[in-house]
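Undergrad: Sequence:
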Amino acid sequence: KDHWAPNSPDLNPLDYSIWDEFARSINWGIITSRDTLIKELKCAVKKSRQHVVLQSCSSWTVRLQRVLKNDGRYLH
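With the first letter of the sequence shown counted as 1, position 4 gets the number 4 in the UniProt record's numbering; the numbers rise by one all the way through.
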């Protein structure tokens, strides 16, 4: 009866919050290769604002309840 949500982006803090934080920090104009992308991602991780990470993790329980209430379907 009860099933875990399979790879739900609604329940993955990286998908619903933190990737956006990284994307804003990356200097997209200098990305010319996989190596420069990796370098920029590493810099973005170091520049991540702690409150964004903590807020996205603390909202997880509420998001889980919303997914359950929505019968496992994606949130809008």
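The hints are simulated quantities; they were obtained by calculation from the structure and are not laboratory data. Please note that the accuracy of each hint is not assured.
Claimed, not checked - Pairwise CB distance ranges (calculated):
1) Cys57 - Ala23: 34 to 44 angstroms
2) Trp60 - Asp35: 28 to 38 angstroms
3) Thr32 - Tyr74: 32 to 42 angstroms
As the structure is a computational prediction, the values presented were derived from the model and not from experiment. Positions of the beta carbon are idealized from the N, C-alpha and C atoms, including for glycine.
Undergrad: Out of the numbered hints, which ones does the structure contradict?
TA: 1
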